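Everything in the sequence shown is counted per this note's numbering, starting at 2 for the first residue and increasing by one.
I should point out that these hints are in silico values taken from the structure, not numbers from a laboratory.
Mixed in with the good hints, there may be bad ones.
Claimed, not checked - Cross-link-like lysine-lysine pairs, in silico, DSS-like; alpha carbons within 30 Å at most:
1) K112 with K29
2) K114 with K29
3) K114 with K94
4) K91 with K112
5) K94 with K112
6) K114 with K91
As the list claims (entries may be wrong) - Here are the simulated distance ranges between beta carbons:
7) R130 with G82: 12 to 22 Å
8) A61 with K91: 32 to 42 Å
9) R69 with R124: 13 to 23 Å
10) R20 with R90: 33 to 43 Å
11) K91 with K112: 16 to 26 Å
Note that this is a predicted model, so its numbers are computed, not measured.
For each residue, glycine too, the CB sits at the ideal point set by N, CA and C.
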Amino acid sequence: MRDPRYIVDAGPIVAALNRRDLNHEWAKSVFATLGEAPVTCEAVLTETCWHLRESPDTVARVLEMAARGDLRLFPVAEAEGVALAGLVRKYGKRMDLADAGIVRLAEIFPKAKVITTDVEDFRVYRRNRNELIQLIHP
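Kindly produce the complete structure, drawing on both the sequences and the hints.
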């Protein structure tokens, strides 16, 4: 996998696919300007599908995005389980598996920016113990 420039969290994917989401227009414009498929992890895909569960067609679209390569999946849970466990222990109840996966991807791909709507948490999280994570957010 070529080092990505972008890592995407669940919020922007949900917003781009849900016209009623407050960040819908923002998310659509961000995805339209990336120029490459952002990387994400399995937990983000699961969280995205959970948020969109009221629309099976939209859930199917998310899965098709991954199958087409519009989202590049990195097997972070399988490859980085020990590192994920350390992050979850460090941040406690604040961090779920999807957030841990995004932070770990930011450590693996340090030049990549994280696209998220979860600014409150991602301003607290650090990669490599003390480095700010570069964010793209509304």
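Going down the list of hints, with the structure as the test:
no. : hint                      : in the structure
1   : K112 with K29             : holds, 23 Å
2   : K114 with K29             : holds, 17 Å
3   : K114 with K94             : holds, 24 Å
4   : K91 with K112             : holds, 23 Å
5   : K94 with K112             : holds, 27 Å
6   : K114 with K91             : holds, 22 Å
7   : R130 with G82: 12 to 22 Å : holds, 19 Å
8   : A61 with K91: 32 to 42 Å  : holds, 36 Å
9   : R69 with R124: 13 to 23 Å : violated, 32 Å
10  : R20 with R90: 33 to 43 Å  : holds, 39 Å
11  : K91 with K112: 16 to 26 Å : holds, 23 Å
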